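**Q** Protein chains in written order, with this note's numbering: chain A, 1 to 193; chain B, 194 to 473.
The set of hints was computed from the structure by calculation and includes no laboratory data. Treat the hints with care, since some could be wrong.
Said to hold, decoys possible - 25 Å max Cα-Cα, derived DMTMM-like pairs, lysine to aspartate or glutamate:
| hint | chain 1 | residue 1 | chain 2 | residue 2 |
| --- | --- | --- | --- | --- |
| 1 | B | K238 | A | D119 |
| 2 | B | K347 | A | D93 |
| 3 | B | K418 | A | D192 |
| 4 | B | K208 | A | E165 |
| 5 | B | K245 | A | E79 |
| 6 | B | K423 | A | E191 |
| 7 | B | K369 | A | D119 |
| 8 | B | K238 | A | E165 |
| 9 | B | K423 | A | D8 |
| 10 | B | K245 | A | D8 |
| 11 | A | K186 | B | D422 |
| 12 | B | K238 | A | D42 |
| 13 | B | K238 | A | D192 |
Only a predicted model underlies this, so the values are computations on that prediction, with no experimental measurement involved.
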Amino acid sequence: MSVTTASDGIKDIHTPLTDADAASLKAGDRVRITGVIYTARDAAHGRLFPLIEKGEKLPIDVRGQIIYYTGPSPARPGEVVGSIGPTTASRMDTYTPALLKLGLKGTIAKGYRSQAVKDALKQHKAVYFGSIGGAGAVLSRFVKKLEVVAYEDLGTEAIRRLEVEGFPAIVLNDCHGGDLYQDGQKAYAREDP
Amino acid sequence: MRDIHTSAITDAVKKLCMDANWYLEPDMLQAFDRALQTERSAAGKQVLQILKDNAAMARERRIPYCQDTGMVVCFVELGQDVHITGGALYDAINEGVGQGYTEGYLRASVARSPFDRVNTGNNTPAVIHVDVVPGAELKIMIMTKGGGCENRSKYKMLTPADGIPGVKDWVIECVKMAGPDACPPLVLGVGIGGTFEKSAILSKKALFRPLGSPNPDPQLDVLEKELLDKANRLGIGPQGYGGDTTAFGIHILTYPCHITSLPVAVTIECHAHRHKEVTL
Ligand code: SF4
Numbered sequence: 001m002s003v004t005t006a007s008d009g010i011k012d013i014h015t016p017l018t019d020a021d022a023a024s025l026k027a028g029d030r031v032r033i034t035g036v037i038y039t040a041r042d043a044a045h046g047r048l049f050p051l052i053e054k055g056e057k058l059p060i061d062v063r064g065q066i067i068y069y070t071g072p073s074p075a076r077p078g079e080v081v082g083s084i085g086p087t088t089a090s091r092m093d094t095y096t097p098a099l100l101k102l103g104l105k106g107t108i109a110k111g112y113r114s115q116a117v118k119d120a121l122k123q124h125k126a127v128y129f130g131s132i133g134g135a136g137a138v139l140s141r142f143v144k145k146l147e148v149v150a151y152e153d154l155g156t157e158a159i160r161r162l163e164v165e166g167f168p169a170i171v172l173n174d175c176h177g178g179d180l181y182q183d184g185q186k187a188y189a190r191e192d193p
Numbered sequence: 194m195r196d197i198h199t200s201a202i203t204d205a206v207k208k209l210c211m212d213a214n215w216y217l218e219p220d221m222l223q224a225f226d227r228a229l230q231t232e233r234s235a236a237g238k239q240v241l242q243i244l245k246d247n248a249a250m251a252r253e254r255r256i257p258y259c260q261d262t263g264m265v266v267c268f269v270e271l272g273q274d275v276h277i278t279g280g281a282l283y284d285a286i287n288e289g290v291g292q293g294y295t296e297g298y299l300r301a302s303v304a305r306s307p308f309d310r311v312n313t314g315n316n317t318p319a320v321i322h323v324d325v326v327p328g329a330e331l332k333i334m335i336m337t338k339g340g341g342c343e344n345r346s347k348y349k350m351l352t353p354a355d356g357i358p359g360v361k362d363w364v365i366e367c368v369k370m371a372g373p374d375a376c377p378p379l380v381l382g383v384g385i386g387g388t389f390e391k392s393a394i395l396s397k398k399a400l401f402r403p404l405g406s407p408n409p410d411p412q413l414d415v416l417e418k419e420l421l422d423k424a425n426r427l428g429i430g431p432q433g434y435g436g437d438t439t440a441f442g443i444h445i446l447t448y449p450c451h452i453t454s455l456p457v458a459v460t461i462e463c464h465a466h467r468h469k470e471v472t473l
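Model the full assembly from the supplied sequences, consistent with the hints where possible.
**A** Right, dumping it as structure tokens:
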């Protein structure tokens with residue numbers, strides 16, 4: 001089991017994840033992620049997708065893994081990474097179900113997902129996490145190691161392998177249909193006076 | 194005639210780009226503090242606090258507040274008694290952007306063509322708007338415009354009959370459509386009137402007014418406050434996790450328009466509202 005609840009109520013997650021791990025997470029859960037995660041965004045997904053369609057091997061094995069949709073800013077000399085917050089998830093929606101089908105267990109980003117992605121989360125037991133958009137400086141502190149593992153020519157959009165420690169996130173969509181955006185926003189909506 | 198050498202323009206733009214990305218402007222920091230007083234949602238408060246910490250950390254380490262260091266939108270007010278020497282104004286600005294982004298460890302986020310998507314490598318070119326104004330000064334205003342929020346910017350041609358109620362409905366509709374994708378709390382620039390392109394440019398320029406300052410037009414000021422209140426009743430909240438702080442401000446600029454038209458452009462800007470200006 002790679003999900004445990006700490007005394008502060010936050011769930012500690014160690015990658016990789018199993019179906020049971022994914023199923024134990026509920027929308028609204030605050031989590032800390034430790035272990036390896038991969039980065040990929042528009043351009044990298046654009047290259048992965050044709051490989052999946054042709055049934056070819058991907059440059060990373062996504063089974064049990066988490067992909068963080070981000071394109072970090074360059075590291076200053078001696079630092080691991082620059083700023084590294086999430087990008088908008090919806091641009092990856094066309095690609096996500098195919099990756100979940102291959103066994104990807106989580107994505108980290110910000111913003112609404114399509115119904116097709118939410119359905120695929122249920123079907124393949126996976127989780128959509130949110131990290132705080134625009135908090136890239138703070139989030140960089142949780143990245144201990146970074147290595148480009150594919151598509152170096154894509155610059156910030158290359159696939160990177162990150163080793164993270166206690167990376168803070170929140171469950172936005174779980175595999176039971178739970179949706180933090182929906183619940184949270186409903187609770188605070190007020191009528192015009 | 195006053196001579197201004199292009200090297201001074203390049204140096205100024207370079208510094209503006211780096212400073213804008215590392216040091217969030219005081220008007221934004223004050224907006225965080227104001228919102229922390231009023232936000233009811235615990236999750237929302239936490240997001241606001243983290244964003245404040247993020248600004249402090251970016252400043253201290255001189256790293257970008259947000260990794261999306263944006264496409265540079267540059268407004269220039271060129272005094273008509275200024276004579277630019279040493280080269281072309283646009284080249285000088287782009288040179289400054291290239292230097293600032295490379296030397297400042299800022300992310301290159303510009304594709305050379307909308308179709309082949311090859312990164313230009315130094316975040317050039319900028320989007321440049323030049324206004325010629327009286328005087329012998331050169332004012333340069335830059336905004337480093339993030340893609341997540343820019344992608345939610347919208348335009349609608351209303352009819353004169355739609356009037357102010359139509360404008361209100363459209364602006365609020367834009368806030369709803371932006372949602373969490375645009376990293377709320379948002380700042381909205383609204384350009385009303387002119388033509389199709391004029392309203393869009395006004396919607397960008399409106400964002401340079403310091404946040405929290407009143408609109409100089411009292412009627413527009415009332416409208417802005419009403420819209421802000423409506424936006425913050427939607428419940429979207431910081432990051433869309435639910436809460437009272439969906440937008441920090443809504444700024445309106447208007448221009449005369451054709452008797453048949455009511456163009457309304459809405460630029461969606463996020464809490465990483467990085468704007469700086471300098472006068473040479
Ligand atoms: S919308 Fe703004 S805060 Fe969010 S990722 Fe883009 S630039 Fe950063």
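**Q** Hint by hint, note whether the structure agrees.
**A** Cross-check of the supplied hints:
1. Annotation: proposed proximity of B/K238 to A/D119 is violated, straight-line Cα distance about 31 Å (limit 25 Å).
2. With a C-alpha separation of about 21 Å, the suggested pairing of B/K347 with A/D93 holds against the 25 Å cut-off.
3. For the suggested pair B/K418 and A/D192, the alpha carbons sit about 13 Å apart, so the restraint of at most 25 Å is met.
4. This hinted pair does not check out: B/K208 and A/E165 have alpha carbons roughly 34 Å apart, beyond 25 Å.
5. Between the alpha carbons of B/K245 and A/E79 the distance comes to roughly 22 Å, so the proposed pair stays at or under 25 Å and holds.
6. Between B/K423 and A/E191 the CA atoms are separated by roughly 9 Å; this keeps the pair inside 25 Å, and the hint holds.
7. Note on B/K369 and A/D119: the hinted pairing holds, with a Cα-Cα distance of about 23 Å set against a maximum of 25 Å.
8. Our distance criterion of 25 Å between C-alpha atoms is met by B/K238 and A/E165, whose separation comes to about 24 Å.
9. Proximity of B/K423 to A/D8 is assessed by CA-CA distance (about 36 Å); at most 25 Å being required, the pair is judged violated.
10. A hinted pair counts as satisfied when its Cα atoms are at most 25 Å apart, and B/K245 with A/D8 qualifies at roughly 22 Å.
11. With a C-alpha separation of about 17 Å, the suggested pair A/K186 and B/D422 falls inside the 25 Å cut-off, and the hint holds.
12. Proposed proximity of B/K238 and A/D42 is contradicted: the alpha carbons are some 31 Å apart, above 25 Å.
13. In summary, the hint linking B/K238 to A/D192 is supported, as the alpha carbons are separated by about 23 Å, within the 25 Å threshold.
Figure legend: structure checked against the earlier numbered hints; hints not met, in rising order: 1, 4, 9, 12.
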